[in-house]
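Residue numbers (our numbering), protein chains in the order written: chain A, 1 to 209; chain B, 1001 to 1170.
I should point out that these hints are in silico values taken from the structure, not numbers from a laboratory.
Accuracy of the hints is not assured; some may be wrong.
Taking lysine-lysine pairs in the DSS-like style, the calculated list, with each CA pair at most 25 Å apart, reads [to be verified]:
id: 1; chain 1: B; residue 1: K1159; chain 2: A; residue 2: K165
id: 2; chain 1: B; residue 1: K1102; chain 2: B; residue 2: K1158
id: 3; chain 1: B; residue 1: K1156; chain 2: A; residue 2: K169
id: 4; chain 1: B; residue 1: K1102; chain 2: B; residue 2: K1013
id: 5; chain 1: B; residue 1: K1086; chain 2: A; residue 2: K165
id: 6; chain 1: A; residue 1: K14; chain 2: A; residue 2: K41
id: 7; chain 1: B; residue 1: K1086; chain 2: B; residue 2: K1102
id: 8; chain 1: B; residue 1: K1102; chain 2: B; residue 2: K1152
id: 9; chain 1: A; residue 1: K165; chain 2: A; residue 2: K144
id: 10; chain 1: B; residue 1: K1102; chain 2: B; residue 2: K1156
id: 11; chain 1: A; residue 1: K144; chain 2: B; residue 2: K1086
Listed next, with one range per pair, are the computed distances between beta-carbon atoms [as the list claims (entries may be wrong)]:
id: 12; chain 1: A; residue 1: G136; chain 2: B; residue 2: W1036; range: 29 to 37 Å
id: 13; chain 1: A; residue 1: E201; chain 2: B; residue 2: S1137; range: 15 to 23 Å
id: 14; chain 1: B; residue 1: S1070; chain 2: A; residue 2: D63; range: 47 to 55 Å
id: 15; chain 1: B; residue 1: E1100; chain 2: A; residue 2: E159; range: 17 to 25 Å
id: 16; chain 1: B; residue 1: S1137; chain 2: A; residue 2: K14; range: 57 to 65 Å
id: 17; chain 1: B; residue 1: S1137; chain 2: A; residue 2: I131; range: 31 to 39 Å
id: 18; chain 1: A; residue 1: S167; chain 2: B; residue 2: L1167; range: 31 to 39 Å
id: 19; chain 1: B; residue 1: K1158; chain 2: A; residue 2: K169; range: 30 to 38 Å
id: 20; chain 1: A; residue 1: I131; chain 2: B; residue 2: R1061; range: 38 to 46 Å
id: 21; chain 1: B; residue 1: W1036; chain 2: A; residue 2: I103; range: 45 to 53 Å
id: 22; chain 1: A; residue 1: K41; chain 2: B; residue 2: D1148; range: 58 to 66 Å
id: 23; chain 1: A; residue 1: E201; chain 2: B; residue 2: A1009; range: 55 to 63 Å
id: 24; chain 1: A; residue 1: E159; chain 2: B; residue 2: P1101; range: 19 to 27 Å
So the derived list for chain A, only partly shown, Cβ under 7 Å to chain B, looks like this [as the list claims (entries may be wrong)]:
id: 25; residue: Y75
id: 26; residue: G79
id: 27; residue: P141
id: 28; residue: L142
id: 29; residue: D145
id: 30; residue: G150
id: 31; residue: L155
id: 32; residue: A166
id: 33; residue: A171
id: 34; residue: M173
Ideal placement from N, C-alpha and C gives every residue a C-beta, glycine not left out.
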Amino acid sequence: MTAPADVTAALQSKFPQASLRPSCDHPALNLPITEVVAALKYLRDEFAYDFLVDVTAIDNGVDVSPRFTTVWHVYSTTGHGYVRIASDCANDENPVAPTVSHIWPTANWHERETYDLFGITFENHPDLRRILMWDGYPYHPLRKDFPLAGIQTPLPDLEVADLTKASVKPAPMMGGPFVASPGEMNMTDAEPRAKDESWTERREKPASE
Amino acid sequence: MASANNELAYNTKIEGDIVVTRADAVINWLRSSSVWPMPMGLACCAIELMGVAASRFDIARFGAEVFRFSPRQADCMIVAGTVTYKMAPHVRRIYDQMAEPKWVIAMGACASSGGMYRSYATLQGVDQIVPVDVYISGCPPRPEALLDALIKLQAKIKKEPSAATLLASA
């Protein structure tokens, strides 16, 4: 279930700046951001990669430059193979990537999601609004400098916020299911229930170690 | 002929069609026997909620089968599922549109406390935005648990000072 062997070679000969990207499954290429649209169009028209599976991004870290990498996954419904195209965004503060929504309409919502969660602006996107978080939310939650628990902000509806005195608060993370232990370890030991839960939001963690 | 009327109970043959009771008892009996739920189905708990309404568990046995998808016609909001911060104001607005008297059941771990979703996007308990009468544990709760919550809510309704509340508001 792989792409035709010549697809990476053909891409590299047409786009000399393309370099092979380490990948443990499908053919993957790094491309300059200026050539991504042409390369994706070339894949669709010449190699029948007719289905855009996903548009997403990687935050390589707050101190890393280039910080943001945009990733496109395409699939051929006739050749039954995937190709992954990745491209670094030039600006680390306000990253920009080209839209492919004129090639695949499905890119519209994928790009809105990537904009919402990573803050990558897709140039010439017809309707670049947030899709998961509400309009006016000030952060991009999948960035590395955004804590999983969240940051205190007002509720989307100020009238309801005033009525209920509720606000968006950081979620309690202690002993939660998403607090996984990093590194290679036994899954049973990595589970939160295996951790010390004698301390909670109200009771301080006993000083030890 | 003098009849020895020893009956303490009400006898229609003697007194006609009159029932003597307390206003609270009859109002609360009416309210608790026909709770009209407003299904606020937000996640997988709503599937169990549908199961409760269907024939196997049959919430009609407890007088609450008339699910209304308009808040104007309902008096018990069943919050079944994860309430995101994006959804929270809408839940509150729908609650505000329900006519008094009204009650809220928080169904499942997510509605009660945020459940496993300890994240930036999830409201950590619907009681932050609406007053909750009954909480149901479970992820999702069994349909029997929702029936139990309804019975508990009915018991709560039967203890309310309804007549005093009505007179005070009149």
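Structure-based check of each hint:
1. B:K1159 with A:K165: 29 Å, violated
2. B:K1102 with B:K1158: Judged against 25 Å, a Cα distance of about 14 Å means the pair holds.
3. B:K1156 with A:K169: 32 Å, violated
4. B:K1102 with B:K1013: 39 Å, violated
5. B:K1086 with A:K165: Satisfied, since the Cα-Cα distance of roughly 16 Å is no more than 25 Å.
6. A:K14 with A:K41: Distance ~12 Å between K14 of chain A and K41 of chain A Cα, so the pair holds.
7. B:K1086 with B:K1102: 24 Å, holds
8. B:K1102 with B:K1152: 15 Å, holds
9. A:K165 with A:K144: Violated, at roughly 30 Å.
10. B:K1102 with B:K1156: Given that 25 Å is the threshold and the Cα spacing comes to 12 Å, the pair holds.
11. A:K144 with B:K1086: 22 Å, holds
12. A:G136 with B:W1036: 29 to 37 Å: Roughly 36 Å apart at Cβ, these two residues keep to the hinted range, so it holds.
13. A:E201 with B:S1137: 15 to 23 Å: 19 Å, holds
14. B:S1070 with A:D63: 47 to 55 Å: Cβ of S1070 of chain B to Cβ of D63 of chain A: about 54 Å, so the range 47 to 55 Å holds.
15. B:E1100 with A:E159: 17 to 25 Å: Holds, at about 20 Å.
16. B:S1137 with A:K14: 57 to 65 Å: The hint (57 to 65 Å, Cβ to Cβ) holds, given that S1137 of chain B and K14 of chain A are roughly 60 Å apart.
17. B:S1137 with A:I131: 31 to 39 Å: 33 Å, holds
18. A:S167 with B:L1167: 31 to 39 Å: Holds, at about 38 Å.
19. B:K1158 with A:K169: 30 to 38 Å: Holds, since K1158 of chain B and K169 of chain A (Cβ atoms, about 36 Å apart) stay within the stated range.
20. A:I131 with B:R1061: 38 to 46 Å: 43 Å, holds
21. B:W1036 with A:I103: 45 to 53 Å: Cβ of W1036 of chain B to Cβ of I103 of chain A: about 51 Å, so the range 45 to 53 Å holds.
22. A:K41 with B:D1148: 58 to 66 Å: 60 Å, holds
23. A:E201 with B:A1009: 55 to 63 Å: 56 Å, holds
24. A:E159 with B:P1101: 19 to 27 Å: Taking Cβ atoms as reference, E159 of chain A and P1101 of chain B lie about 23 Å apart, which means the hint holds.
25. Y75: 29 Å, violated
26. G79: 37 Å, violated
27. P141: At 5 Å from the nearest chain B Cβ, P141 of chain A passes the 7 Å test, so the hint holds.
28. L142: 10 Å, violated
29. D145: 13 Å, violated
30. G150: This interface hint holds because 3 Å falls under the 7 Å limit.
31. L155: The hint holds - L155 of chain A has a Cβ within 7 Å of chain B, the shortest such distance being about 6 Å.
32. A166: Nearest chain B Cβ about 4 Å off; hint holds.
33. A171: 4 Å, holds
34. M173: Holds - the Cβ of M173 of chain A comes within 7 Å of chain B, reaching about 6 Å at its closest.
Against the hints set out earlier in the document, violations occur for numbers 1, 3, 4, 9, 25, 26, 28 and 29.
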